[in-house]
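Asker: Single-letter residue listing:
Protein chains: 2
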Amino acid sequence: MSKPLIVDVHTHVYPPAYMAMLRSRKTVPYVHDPSDNTPPRLIILSSDDDPSIPLDQRGRPVDSSYSDIRVKLSFMKKHGINCSVISLANPWLDFLPSADAPGWAEKINDDIEATCAKVNADADPNGVKALSEKYTLFAFGALPLSASDPAVIVNEIKRLATLPHIRGVIMGTGGLGAGLDDPRLDPIWGGSGRDEAATGRYGHVLPLALGFPLETTIAVTRMLLSGVFDRFSGLQVLLAHSGGTLPFLAGRIESCILHERKFAANGGEVQGPRRSIWDVLQTNIYLDSVVYSAAGLKAAAAAGSADRLMFGTDHPFFPPLDDVDGEWPSVTTNYQAIDDFQGENKDGQEAILGGNAARILNLK
Amino acid sequence: MSKPLIVDVHTHVYPPAYMAMLRSRKTVPYVHDPSDNTPPRLIILSSDDDPSIPLDQRGRPVDSSYSDIRVKLSFMKKHGINCSVISLANPWLDFLPSADAPGWAEKINDDIEATCAKVNADADPNGVKALSEKYTLFAFGALPLSASDPAVIVNEIKRLATLPHIRGVIMGTGGLGAGLDDPRLDPIWGGSGRDEAATGRYGHVLPLALGFPLETTIAVTRMLLSGVFDRFSGLQVLLAHSGGTLPFLAGRIESCILHERKFAANGGEVQGPRRSIWDVLQTNIYLDSVVYSAAGLKAAAAAGSADRLMFGTDHPFFPPLDDVDGEWPSVTTNYQAIDDFQGENKDGQEAILGGNAARILNLK
Chain A
1 MSKPLIVDVH THVYPPAYMA MLRSRKTVPY VHDPSDNTPP RLIILSSDDD PSIPLDQRGR
61 PVDSSYSDIR VKLSFMKKHG INCSVISLAN PWLDFLPSAD APGWAEKIND DIEATCAKVN
121 ADADPNGVKA LSEKYTLFAF GALPLSASDP AVIVNEIKRL ATLPHIRGVI MGTGGLGAGL
181 DDPRLDPIWG GSGRDEAATG RYGHVLPLAL GFPLETTIAV TRMLLSGVFD RFSGLQVLLA
241 HSGGTLPFLA GRIESCILHE RKFAANGGEV QGPRRSIWDV LQTNIYLDSV VYSAAGLKAA
301 AAAGSADRLM FGTDHPFFPP LDDVDGEWPS VTTNYQAIDD FQGENKDGQE AILGGNAARI
361 LNLK
Chain B
1 MSKPLIVDVH THVYPPAYMA MLRSRKTVPY VHDPSDNTPP RLIILSSDDD PSIPLDQRGR
61 PVDSSYSDIR VKLSFMKKHG INCSVISLAN PWLDFLPSAD APGWAEKIND DIEATCAKVN
121 ADADPNGVKA LSEKYTLFAF GALPLSASDP AVIVNEIKRL ATLPHIRGVI MGTGGLGAGL
181 DDPRLDPIWG GSGRDEAATG RYGHVLPLAL GFPLETTIAV TRMLLSGVFD RFSGLQVLLA
241 HSGGTLPFLA GRIESCILHE RKFAANGGEV QGPRRSIWDV LQTNIYLDSV VYSAAGLKAA
301 AAAGSADRLM FGTDHPFFPP LDDVDGEWPS VTTNYQAIDD FQGENKDGQE AILGGNAARI
361 LNLK
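Same order as they appear, the protein sequences are chains A and B. Heads up: the first sequence at position 301 corresponds to 301 in full-length UniProt numbering, and the numbers run straight through without jumps. Heads up: the second sequence at position 48 corresponds to 48 in full-length UniProt numbering, and the numbers run straight through without jumps.
Isolated chain A, as found in the complex:
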């Protein structure tokens, strides 16, 4: 009996070309190499770039797990993952001067594509073969969203579609700087031509635990309200962190739309979304399973459907605080949640763990 296919659709890299670009910068975001040979520091937030903090200690460390694909492969082996769909992490390319963005996007996407090709060909990228099992990589590409001409962004999408290991693109919630309901994004949503364009006090707990998922929820709700899913009914979006909180709030969002005079069929000032949120959740939206509980997965499956849910780890974020050599609780919690959610239904478990991703993303 063969092992089930386990696919990680939410797993990040800062490839060498991206690190090199960040090293060349002196303003946020930038990378600084400490003088004591400890891992490079990534300074993302203006608040982290505090002159009263020694440069060697600013920001947070980004160790080899972010940039060395061998570390990713070790992580996959440790957690039984056969296939990863890697993607650039926050802050992506959104901050680049518009003239520089297209060149870096191309270079970084080519870097990611080459990594996938090298690993999949099983050529020995400095020791991968030593891992003794076969692993497969695919990727979501990054976009030069700060380019001054949307046509440049569309061109990169079209180019990505020709690369053999790219299965979609990754975007933050900012879009071109005005959210994902920005009409200027219409060429991006429609651009691929194949309907899969967009595939202090408590430490970091509040921004990480609540901030990210709430941003996702706000961004996709604004897309819905602005009619993006009416204008681009074939748009396919994979939402991070099981949709932020969208599966839980979908009913309330739909109810609020129905009770908003501004969107009323008779006498409303503006056209509201013409399709229900449930239709969009079951047609346009896929969700990863990075929600750390059976409670979350139950809502995600009920709001969309279980065959649109795909396993993910968020590697290399959330490593263990202490036992760095052991299994990562951030990963085992998500495995356990799928187990708790599906119970005896092994087919259902395998679909979420890898079958859905293989089918939806055409991983072969």
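Keep in mind that the hints were calculated from the coordinates and are not lab data. Treat the hints with caution; some may be incorrect.
Stated by the list, open to error - Which residues of chain A face chain B? A partial, calculated answer using Cβ under 8 Å: (1) 19; (2) 24; (3) 202; (4) 225; (5) 227; (6) 250; (7) 254; (8) 260; (9) 264; (10) 296; (11) 329; (12) 332; (13) 335.
Just so you know, these numbers come straight off a predicted model, no measurement behind them. The beta carbon of each residue, even a glycine, is placed where N, CA and C say it ideally should be.
Since the structure of chain A is already known, use the hints to place chain B on it.
Answerer: Then chain B, alone, in the frame of chain A:
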């Protein structure tokens, strides 16, 4: 066979004393009676108090459904609700000058208590008897949170505990102005002595659909992180809107706590919460069922438990836009969600519809 008990634990009033107080004010929040005898206008937000808008059109109308208990009883009859636990709505008493707050709190709470007593005694409050069925009212009291001395707030909690129809208190997420993790709230959390103290562009869609639930989530997460539930392990809180998004995000919140160096057992700067979020959800937190979907209810029940879920309507908010005499879709959607969630399990349905509330709030 008797009809099942249906209890609405999330249903609001602006009692006459509250409306009188708002009518006496000239700055937000205030009530203005238009000269054409249309319903009074409530101006809550500074942005609504725009001098370029005629006073008669500022804010939003608050019709008799907010202040006339006969309208509430008609609504209950229309939707098969036998018992309502009424509560003051936003903006509560939080804005009052500190000297005025205790007096108004007492007056308004007495007003609400008297309304419950009158209806329950089946005396005829101008026509209630004409409704021809027996209805019961209980209430959550309001607190003078702007009082300068927390002892005054605690005194009102103790007084409320002596009123026969009061079953807890209602609070917004602001607390004393610094959130619900404010240490100055400790006397309030511990104060009752009986461990049940605290029982533009798209119109209003974004603030109503996302803003309220996100505020709730942030507020209760801050309570957790600050150790409120460690210090007051018997605190009982009923969270509005099925916890905002807490049931969906609980796993992520717990994971972020475990991965926060600041809270680490070894070498963390501060003491993190000592109890898991799951323990708190199953011991300290109750959830109403105002989430408009089976998906939300599934997460709410899985994160806490189905016997801690209680039906609610949010009346008189979200009336139908057009067919004002028909059933309210905002209510029928929540009935349908319970039906979809529990399916053939009639006992489970009846528990959420009324049995849980009757037991938990001692409604007799």
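Asker: Now tell me if each hint is right for this structure.
Answerer: Evaluated hints:
1. 19: It is violated, given that the least Cβ distance between residue 19 of chain A and chain B is near 23 Å, above 8 Å.
2. 24: Since the shortest Cβ distance to chain B is 30 Å, the answer is violated.
3. 202: holds, 4 Å
4. 225: At about 4 Å, which falls below the 8 Å cut-off, the nearest Cβ of chain B leaves the hint on residue 225 of chain A intact, so it holds.
5. 227: violated, 11 Å
6. 250: Hint holds; residue 250 of chain A Cβ to chain B Cβ min 6 Å, cut 8 Å.
7. 254: holds, 7 Å
8. 260: Holds: closest Cβ of chain B sits about 4 Å from residue 260 of chain A, inside 8 Å.
9. 264: At about 5 Å, which falls below the 8 Å cut-off, the nearest Cβ of chain B leaves the hint on residue 264 of chain A intact, so it holds.
10. 296: At about 5 Å, which falls below the 8 Å cut-off, the nearest Cβ of chain B leaves the hint on residue 296 of chain A intact, so it holds.
11. 329: holds, 6 Å
12. 332: violated, 11 Å
13. 335: Not OK, violated: residue 335 of chain A not within 8 Å of chain B, min 13 Å.
Hint check: violations occur at hints 1, 2, 5, 12, 13; the rest are consistent with the structure.
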